[in-house]
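Q: First to last, the sequence lines map onto chains A and B. Going by full-length UniProt numbering, the first residue of the first sequence is number 1, and it counts up by one from there. Going by full-length UniProt numbering, the first residue of the second sequence is number 1, and it counts up by one from there.
No lab work stands behind these hints, which were simulated from the structure alone. Careful, some of the hints might be misleading.
Stated by the list, open to error - Computed cross-link-like contacts, BS3-like style, restricted to lysine-lysine with a CA-CA straight-line distance of at most 27 Å:
no.: 1; chain 1: A; residue 1: K247; chain 2: B; residue 2: K128
no.: 2; chain 1: A; residue 1: K251; chain 2: B; residue 2: K278
no.: 3; chain 1: A; residue 1: K31; chain 2: A; residue 2: K334
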Amino acid sequence: MNTRSIASLLLTTALTFAAAGVASAQDKTVKIGALSDQSGLYADLGGPGSTLAAQMAVEDSGLAAKGWKIDIISGDHQNKPDIGTAIARQWFDVDKVDIIVDVPNSGVALAVNNVIKEKNGVYINSGAATSDLTNAQCSPNTVHWTYDTYMLAHTTGQALVKAGGDTWFFLTADYAFGAALERDTSAVVTANGGKVVGGVKHPLNTPDFSSFLLQAQASKAKIIGLANAGGDTTNTIKQAAEFGIGKGGQKLAALLLFLTDVKAIGLETAQGLNFTETFYWDMNDQTRAFSKRFAAKMKNNAPPTMVQAGVYAGVRHYLKALEALGGNPHDGVKIVEKMKSMPTEDDLFGKGEIQPNGRTIHSAYLFEVKKPSESKGPWDFYKLVGTVPGDQAFTPLSESKCALLKK
Amino acid sequence: MQALYAQLLVGLINGSFYALLSLGLAVIFGMLNIINFAHGALYMMGAFVAYFLLNLGGINYWWALLLAPIIVGIFGMILERTMLQWLTGLDHLYGLLLTFGIALIVQGVFQNYFGSSGLPYAIPDQLKGGMNLGFMFLPVYRGWVVVFSLVVCLATWFLIEKTQLGAYLRAATENPTLVRAFGINVPRMITLTYGLGVGLAALAGVLSAPINQVRPLMGADLIIVVFAVVVIGGMGSIMGSIITGFALGVIEGLTKYFYPEASNTVVFVLMVLVLLVKPTGLTGRAA
């Protein structure tokens, strides 16, 4: 054995001890990974804005002044589950990430869910919609913030059926998210005496919806339910207006619509649409103050979407739990248990709680898109038409199939 | 049956974009021997120029139809003069890599400033509304797209295949040295041809602005399909790319009706079949 290999052996041993030292409870280092679609159709609703939200959460926590060292890295899953899981694995194995946040796209989100459970990390999902994350596929490492398909179905969907929209035709994005949203909304429609007369599945990221819209038009259903998101939803709504679908008496139900989508469609076409979100920048003084700070740091001065707000609130709550634990135990299950035991409270979502299945409960709001004449600023888009309390908006524990509840 | 007519018509509309874009690609490949991967980005630039003209300069859609292709065409000619011309005589791969790199840079720059969800562009007032054809409600604007792009495609075909200028162009690709001996400025002609191909892409971009969002990635999503169209039609064949463009739009439209899940793969399946049976494409000559 030459000197060089002895030196490297010593170095390795030293590093091993150092690593062991890091794992103690007094350890105050944290690494956050913001995994999102950074350049595709969901990039504006999550993407770089979600990384910024995580950074602001770290700054606002004030933990740096108390001796904590918190790093954030970001990754682009490109809406592909294989890329998402590969990044997640590398983050845990090589980069020693403790927590992954955001992850829009339900397909990627469910795949990453398994990796995080296997690696015993922490998962705060804000971007994905599928209610399976806290239902059939729930995990002790996962907290699902912001919204899910059950909530969307039981707010927008239910309100439309009750207003007389009793026949539905679905335009569904052909992957996990679309399937979950169609499933949950169909259940609400039939439970309220309505009927689903048909549907068509379209590939993710479709530029032209005219074929699908013609099929929806021919179905004569009163409501055309859009079980898609982001760029797909904006294209559908724009093109539906072109084909005169609103004028024929059929109504579009944008089951999932984000602030950035409304901006992309333009108020002229989007006005009057009803939909549900759990956060809007112009709700109260706290949300306005946060959004102002946030927009100042965004390239196009956009205020946060509800997904980005959820990342902020989720990371704040995670850091509160770590502080209460007195250090980072690097044990996902333990940290998530602590998070569940503490009530959530922040400036953006108000008071809430995390249920044993990982679902965060907070109020949901029914909005209507303003007319162009009512809008007073570049992002002044929504009118509040109703509030649904958290316990009515999200899956009741009695209906949840989550295995964590059967202890 | 009514639904089928409607789907055929919708297919023709999408086919118009495929035809315009693949035509530009075919012109560039036929004359310059460059596989222009920047085509999608230039298409996107056409839509953005229309957006800027309207929102910054108050210049309407009709002027944009004329100005955007010229502006983007000039940008293309600068690209050709400063970069592409040095690749003459090299393997196709170099042109492909260079133009692909340009596309990524252009898209990245636009994405940096405009995000990815896109900007709205309204349909011009004269083309708003629609007419009831009995079997479907046809938005006037979509009808306009089909007619206008058919005219542009045929005019381009005529220019290249039937005029003196076109004859020079075709001769210059066959044997540049000989054509130069006749006193014709071949490099300038090649630059102008690239400008023409790019202008066609920008024109398609302006046409699509009111239908789709004006998005930095609008071209990237489309370009792969358009390349498949060019391959099926036969690389470099002008008429071939026009006809295949429209035909594939229709086939895709029918797939959206009969088996929607396959609608974004059907073009590639066809491409594979064509390549297996006739590797030069449906109308292509052997190289």
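Q: Which numbered conditions among the earlier hints are violated in the structure presented, ordered from lowest to highest?
A: Violated hint: only 2; rest satisfied.
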